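2 protein chains.
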Amino acid sequence: MALISIIKDFHPLGNEKLLSRAEQLRPVLRHTIREPIGGFQLKERYSPEKHEIVLQQLPHLSMGRGENLCLDFGEHLVGYLTLELGYSGSHPDAPAFLKLKFAETLQELSENSQEYDGWLSRSWIQEEYLHVDQLPSRLVLPRRYAFRYLKITMMDTSPKYKLIVRHAECRTESSADWSAVRKLDSGDRQLDRIHEVSLKTLANCMQEEFEDGPKRDRRLWVGDLRLMAMTNAMSFKNFDLVKRCLYLFGGSRFPDGRVSANVFTRPAVEADDTFLFDYALLYTVTVEEYLQDTNDTEALDDLYDIAMQQIEYAIRQIDETGTVGGQAVKDCFIDWCEDLDKTACATAMLLYALRYARRLARRKNDWSQANFLLQQHDTLRRAAMRRFWDEDRQCFVSNGQISAASQVWMVLADACSPEQALKAMRKALTLSEGARMSTPYMHHYYVMALIRVGLLSEAEQHLRHYWGSMLDAGADTFWECWDPEHPERSPYGGSVVNSYCHAWSCTPAYIIEKHLLPERETND
Amino acid sequence: MALISIIKDFHPLGNEKLLSRAEQLRPVLRHTIREPIGGFQLKERYSPEKHEIVLQQLPHLSMGRGENLCLDFGEHLVGYLTLELGYSGSHPDAPAFLKLKFAETLQELSENSQEYDGWLSRSWIQEEYLHVDQLPSRLVLPRRYAFRYLKITMMDTSPKYKLIVRHAECRTESSADWSAVRKLDSGDRQLDRIHEVSLKTLANCMQEEFEDGPKRDRRLWVGDLRLMAMTNAMSFKNFDLVKRCLYLFGGSRFPDGRVSANVFTRPAVEADDTFLFDYALLYTVTVEEYLQDTNDTEALDDLYDIAMQQIEYAIRQIDETGTVGGQAVKDCFIDWCEDLDKTACATAMLLYALRYARRLARRKNDWSQANFLLQQHDTLRRAAMRRFWDEDRQCFVSNGQISAASQVWMVLADACSPEQALKAMRKALTLSEGARMSTPYMHHYYVMALIRVGLLSEAEQHLRHYWGSMLDAGADTFWECWDPEHPERSPYGGSVVNSYCHAWSCTPAYIIEKHLLPERETND
Chain V
59 MALISIIKDF
69 HPLGNEKLLS
79 RAEQLRPVLR
89 HTIREPIGGF
99 QLKERYSPEK
109 HEIVLQQLPH
119 LSMGRGENLC
129 LDFGEHLVGY
139 LTLELGYSGS
149 HPDAPAFLKL
159 KFAETLQELS
169 ENSQEYDGWL
179 SRSWIQEEYL
189 HVDQLPSRLV
199 LPRRYAFRYL
209 KITMMDTSPK
219 YKLIVRHAEC
229 RTESSADWSA
239 VRKLDSGDRQ
249 LDRIHEVSLK
259 TLANCMQEEF
269 EDGPKRDRRL
279 WVGDLRLMAM
289 TNAMSFKNFD
299 LVKRCLYLFG
309 GSRFPDGRVS
319 ANVFTRPAVE
329 ADDTFLFDYA
339 LLYTVTVEEY
349 LQDTNDTEAL
359 DDLYDIAMQQ
369 IEYAIRQIDE
379 TGTVGGQAVK
389 DCFIDWCEDL
399 DKTACATAML
409 LYALRYARRL
419 ARRKNDWSQA
429 NFLLQQHDTL
439 RRAAMRRFWD
449 EDRQCFVSNG
459 QISAASQVWM
469 VLADACSPEQ
479 ALKAMRKALT
489 LSEGARMSTP
499 YMHHYYVMAL
509 IRVGLLSEAE
519 QHLRHYWGSM
529 LDAGADTFWE
539 CWDPEHPERS
549 PYGGSVVNSY
559 CHAWSCTPAY
569 IIEKHLLPER
579 ETND
Chain G
59 MALISIIKDF
69 HPLGNEKLLS
79 RAEQLRPVLR
89 HTIREPIGGF
99 QLKERYSPEK
109 HEIVLQQLPH
119 LSMGRGENLC
129 LDFGEHLVGY
139 LTLELGYSGS
149 HPDAPAFLKL
159 KFAETLQELS
169 ENSQEYDGWL
179 SRSWIQEEYL
189 HVDQLPSRLV
199 LPRRYAFRYL
209 KITMMDTSPK
219 YKLIVRHAEC
229 RTESSADWSA
239 VRKLDSGDRQ
249 LDRIHEVSLK
259 TLANCMQEEF
269 EDGPKRDRRL
279 WVGDLRLMAM
289 TNAMSFKNFD
299 LVKRCLYLFG
309 GSRFPDGRVS
319 ANVFTRPAVE
329 ADDTFLFDYA
339 LLYTVTVEEY
349 LQDTNDTEAL
359 DDLYDIAMQQ
369 IEYAIRQIDE
379 TGTVGGQAVK
389 DCFIDWCEDL
399 DKTACATAML
409 LYALRYARRL
419 ARRKNDWSQA
429 NFLLQQHDTL
439 RRAAMRRFWD
449 EDRQCFVSNG
459 QISAASQVWM
469 VLADACSPEQ
479 ALKAMRKALT
489 LSEGARMSTP
499 YMHHYYVMAL
509 IRVGLLSEAE
519 QHLRHYWGSM
529 LDAGADTFWE
539 CWDPEHPERS
549 PYGGSVVNSY
559 CHAWSCTPAY
569 IIEKHLLPER
579 ETND
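Sequence lines, in order, name chains V and G.
So the number in my numbering is just where the residue sits in the first sequence, counting from 1, plus 58.
So the number in my numbering is just where the residue sits in the second sequence, counting from 1, plus 58.
What the hints contain is simulated information worked out from the structure, not anything from laboratory work.
Among the hints, erroneous ones may be present.
Because identical chains cannot be distinguished in the list, a pair is counted as satisfied if it fits within a single copy or across any two copies.
To be verified - Derived DMTMM-like pairs (lysine to aspartate or glutamate); straight-line CA-CA distance at most 25 Å:
| id | residue 1 | residue 2 |
| --- | --- | --- |
| 1 | K220 | E185 |
| 2 | K66 | D191 |
| 3 | K241 | E93 |
| 4 | K220 | D175 |
| 5 | K218 | E396 |
| 6 | K485 | D175 |
| 7 | K157 | E169 |
| 8 | K220 | E186 |
| 9 | K572 | E518 |
| 10 | K157 | D191 |
| 11 | K157 | E186 |
| 12 | K388 | E378 |
| 13 | K218 | E173 |
| 14 | K75 | E577 |
| 15 | K220 | D67 |
| 16 | K481 | D397 |
| 17 | K218 | D314 |
| 18 | K481 | E347 |
| 19 | K572 | D243 |
| 20 | K218 | D67 |
| 21 | K66 | E378 |
| 22 | K422 | E571 |
Being a predicted model, the structure only gives us computed values, none of them experimental.
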């Protein structure tokens, strides 16, 4: 995820105790060596037309000025590249000038990055220009890349020699322990593949923190963390990593105690000056879910106050309508969707989080707080129904707009009766234009809402359609943004900066294991 | 110097004994730290319009997308760059994407390297594109550069932060020992400055070998070595470095024993597959001059046969006219000048080298060889005069062409009587069009020929005009190519790959100390 917020003279609130505990929880990274499974040459500079090469040819292929070689590593990798370079012809009398382009997808490989003019920094484009002064040479690149494909273009040699790529390998990096997970073998090939790719997506985002994307932004966002933590609990079970991330968020916050939408961890831990209303609430949710999974009393003691602070801040954003208003609505992320009216969602998010906060208060034996939260919940729920439930249309309406997002979050928040919730989701199923959902993040909650109202087969169908169509489009890991009807869509003004292995897209493994498979077993 | 010759399946003749001795003679490199003396911003991308910055402003100057900062180190440097980078604004949320351009001259700095389309590899252009993942950051660049100016362009940051260059420094590298030389203080400012810049040029080319240019080609060429060795003998007196270079040439040669025009030393010593007739002869000359300076009997024993081999090969290139013909003429470098007819020069080069070879034979007490060489010399001299001396025009004519180069080399070769030599050089002084001299390499021999015929004040005047006009054009070190009437001239199809600190341009210090100053003292 990426958002631009700038606060002048922002000085985060630091908590040394939490940061030092987070440091102790830094995971050991695991490594493997991966080699390409094949290669090809792109004939036209920016067209995907390919000339296939078998791997055995590689050490005999020499590249002159302007020629390129694309290596296919066969799967999505996160790690460090080593190239062994040689030459043919005379002794090199000038440096080799190379351009390396790392790409997560074939489309990204063939895009012309010169043409990118979006609002995200072009510095995210995984390209390097390198001079190699000596040949033969073993080139170990210092930066980490996320890629399946590597395009090597000879910007220049000299007439006296051509370059040979004798060997290429990637030293992968991840804190995920694959020995802890079982491969799904349900007999259903699509479901098995969705499950596998979900876990691969999660594993490649599991580094020293849960990163939102190993290509971009490579850092810890609350919304992504919550979904990764859920899926991790069903698979890799690296609860220490979840704990570390919760402590990082707690360890560097807004001066008034709010949890930042994301924290930087390099060179030191520092909260970003970006606040998202829904993300701060999801922090409290994630703390409660972590405690459900672990019963970690140390974490309960350390994080309880911070988790409650987020709720209390949100409660203060309730205006004279009795629902969340003002800046808090603008501070909601919900989805990459400019048309979306987020007023109903903002209130629903608080309702949703209040349920988790209450559980947390009870866990802490903080009964007065639990009662306070219950009262707040009931008052807010009634105000929400008054303002957003449309009795005629039998769905939620946010300032005149009927969106899937409003239905989803009101349903997940238990704002209405089961009958109303079912109707709201039936309505959501009919929506196709206007405020379209664009991210797997939003689609996850959409599927969860369908499950919540009992529309299990619709939930499964949507999961298969949405994540399955990504597979059909060539995904090795699930993508940051995907609209099956608008495959080229990017929230950043250019798909070359899109992330094609993105944390918030990893949840199908969770949904399948938690909801779809048990249901099947029951039906059998 | 740079030439393109390609021989398929070229396997140089190696001599382990000489190579291992060369390795023992590898010099210790000396280092200093240099910081910028000021800076400026180039307002238009490729125009030299400048906005001056005083150094104290630097740590407060922040650079956004597309902005640049040029640092002026105040003198020509060869070494390694370190940058200390910081930022202003929010915590960097994207890598910094920088372009660094190192330039020896202000003109090079403002050239658009994209427009270069010459025959030398564009990989010589000293530009890097870098991604900096963390800020603040200390960036130590691994490659060696030759530069006075450094242009840092922000290709992209993000809207959240700007880059600050807190500190920059260059760790210089050279094997020259400045404590061994005295600064000339002749009372003549132009002469003193020419002397100083000559030595600076030599010092910056003195690395682990005598490099032809620290920017390009960064390797050992015979023609450059000879001139550097001469100037070194009058200044830094690093005779071990001369010896090392002579052993490197001897240690890897053409399969038939010829000395290559240049040798590579990295990753291992290997002769280039380029042969230059005049350069091979200059090897013999350089060996003899080294022995004059040192009386090194080990070197005499080790290199004698190889030095003689070059002469014997050249003698075999004498054709039925009694002068050097065929491929040997084509294999002559002499100068970067396409119009030049090199037939007379080729014969003159052999005559010239025969004189040094005779001295070498006498030094070795090889009297039969000395006699043989004397006979060859006399026969060749007569043939040369018959073919090239034009009695009517009282100068040397090479296939109808009267060039400075033909006069110079015939005079230096003692091909004619002193009266004829004087007339030839008087003729050379009148030549201004056609086969114009273009390099300091050729101009050096031109000045030496003027001195040889006694035209001392013309020699001094030419030296002041030619090297002095480079100073007037902003030289901090002397350039590879220079034609005062055509400042933009490049033999490579684009001046951005020109070398502006070039070994063969360092000889004024030698000429001044050896010929101009003693003459003055006598005249006093």
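Tested hints:
In this assembly of identical chains, the alpha carbons of K220 and E185 lie at most 25 Å apart whether taken from the same copy (22 Å) or from different copies (21 Å). With identical chains, the CA atoms of K66 and D191 are at most 25 Å apart between copies only, with a shortest distance of 22 Å across copies and 44 Å within one. For the identical chains of this complex, K241 and E93 are intra-copy neighbours only, at 23 Å inside a copy versus 59 Å across copies, given an alpha-carbon limit of 25 Å. In this assembly of identical chains, K220 and D175 lie within 25 Å of each other by CA distance solely across copies; the values are 19 Å between and 34 Å within a copy.
With identical chains, the CA atoms of K218 and E396 are at most 25 Å apart between copies only, with a shortest distance of 21 Å across copies and 55 Å within one. Taking the closest pair of Cα atoms, K485 and D175 never come within 25 Å of each other, the shortest separation being 38 Å inside a single copy and 63 Å across copies. For a Cα distance limit of 25 Å, the shortest separation of K157 from E169 qualifies both inside one copy, at 14 Å, and across copies, at 21 Å. For a Cα distance limit of 25 Å, the shortest separation of K220 from E186 qualifies both inside one copy, at 20 Å, and across copies, at 21 Å.
When the C-alpha separation of K572 and E518 is checked against a cutoff of 25 Å, the pair qualifies only within one copy, where the shortest distance is 12 Å, while the shortest distance between copies is 93 Å. For the identical chains of this complex, K157 and D191 are neighbours both inside a copy (14 Å) and across copies (19 Å), given an alpha-carbon limit of 25 Å. Within a single copy, K157 and E186 get their C-alpha atoms as close as 6 Å, and across copies as close as 11 Å, so both meet the 25 Å cut-off. Taking the shortest alpha-carbon separations for K388 and E378, only the intra-copy value of 17 Å comes in at or below 25 Å, while the best inter-copy value is 94 Å.
With identical chains, the CA atoms of K218 and E173 are at most 25 Å apart between copies only, with a shortest distance of 22 Å across copies and 33 Å within one. In this assembly of identical chains, K75 and E577 lie within 25 Å of each other by CA distance neither inside one copy nor across copies; the values are 44 Å within and 81 Å between. In this assembly of identical chains, K220 and D67 lie within 25 Å of each other by CA distance solely across copies; the values are 14 Å between and 53 Å within a copy. For the identical chains of this complex, K481 and D397 are intra-copy neighbours only, at 23 Å inside a copy versus 90 Å across copies, given an alpha-carbon limit of 25 Å.
Only between protomers do K218 and D314 lie at most 25 Å apart by alpha-carbon distance; the minimum there is 21 Å, versus 65 Å within a single protomer. Proximity of K481 to E347 under the C-alpha cut-off of 25 Å is found in neither arrangement, the shortest distances being 28 Å within a copy and 101 Å between copies. Within a single copy, K572 and D243 get their C-alpha atoms as close as 15 Å, which meets the 25 Å cut-off; across copies the closest is 89 Å, which misses it. For the homomeric pair K218 and D67, the shortest alpha-carbon distance between copies (12 Å) is at most 25 Å, but the shortest distance inside one copy (56 Å) is not.
Within a single copy, K66 and E378 get their C-alpha atoms no closer than 30 Å, and across copies no closer than 86 Å, so neither meets the 25 Å cut-off. Proximity of K422 and E571 under a CA criterion of 25 Å is satisfied in neither setting, with 30 Å inside one chain copy and 91 Å between copies.
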